[in-house]
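Asker: Sequence:
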Amino acid sequence: MKFEELKQEVAKLGLTARQFPARTVIFDKSGFVVMSVWTDFSRVVESDYPNWNKLPNKIQRRLIKLTEDYVSWLESSKRRFREVK
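Per my numbering, the sequence shown starts with residue -15, numbered consecutively.
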């Protein structure tokens, strides 16, 4: 799942996704961070932000699935890049 797809799916949940160097961040309606995905080599997904626990479980589960798909896409893109070199 590319960033634009992630952004659209997150928007359907009433949240916002923004891309920064080395990190993609998901914000709640108030502008607080609820989740981040490190897009550098680590690919760590963080959801230990205070407002994460305020989200309904259904939205938490959907975000986890979306970010898993996003990280998979990042990994496959990285592999394709290495193969092309």
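Any given hint might turn out to be false.
In the EDC-like style, the derived pairs of lysine to aspartate or glutamate whose C-alpha atoms are separated by at most 16 Å in a straight line are [claimed, not checked]: (1) K38 - E59; (2) K42 - E59; (3) K49 - E30; (4) K(-14) - E59; (5) K13 - E(-7); (6) K49 - E(-7); (7) K(-4) - E59; (8) K49 - E(-11); (9) K(-9) - D32; (10) K(-4) - D12; (11) K42 - D12; (12) K62 - D12; (13) K42 - E(-7); (14) K13 - E59; (15) K(-14) - D32.
Think of the hints as simulated: they come from the structure by calculation, not from any bench. As the structure is a computational prediction, the values presented were derived from the model and not from experiment.
Asker: Now tell me, hint by hint, if it's right for this structure.
Answerer: Hint check results:
The straight-line distance between the Cα atoms of K38 and E59 is roughly 30 Å, outside the 16 Å bound, and the hint therefore fails. Pair hint K42 plus E59 does not hold up; C-alpha atoms about 26 Å apart against a cutoff of 16 Å. Proposed proximity of K49 and E30 is supported: the alpha carbons are some 13 Å apart, at most 16 Å. Of the pairs offered as hints, the one joining K(-14) and E59 holds, with about 11 Å between alpha carbons and a cut-off of 16 Å not exceeded.
With a CA separation close to 15 Å, the supplied pair K13 and E(-7) stays within the 16 Å bound. The straight-line distance between the Cα atoms of K49 and E(-7) is roughly 11 Å, inside the 16 Å bound, and the hint therefore holds. In summary, the hint linking K(-4) to E59 is not supported, as the alpha carbons are separated by about 25 Å, beyond the 16 Å threshold. In summary, the hint linking K49 to E(-11) is supported, as the alpha carbons are separated by about 13 Å, within the 16 Å threshold.
Among the hinted pairs, K(-9) with D32 is inconsistent with the structure: their alpha-carbon atoms are about 20 Å apart, more than 16 Å. Distance check on the hinted pair: K(-4) and D12 sit about 12 Å apart at the alpha-carbon level, within 16 Å; holds. Using a Cα cut-off of 16 Å, the hinted pair K42 and D12 holds, with the two alpha carbons roughly 15 Å apart. Taking the CA atoms of K62 and D12, the gap is about 29 Å. The hint is violated against a cut of 16 Å.
For a cut-off of 16 Å, the pair hint linking K42 to E(-7) stands: about 14 Å separates their Cα positions. A distance of roughly 29 Å separates the Cα atoms of K13 and E59; the hinted pair therefore is violated under the 16 Å criterion. Distance check on the hinted pair: K(-14) and D32 sit about 24 Å apart at the alpha-carbon level, beyond 16 Å; violated.
The structure shown violates the earlier hints numbered 1, 2, 7, 9, 12, 14, 15.
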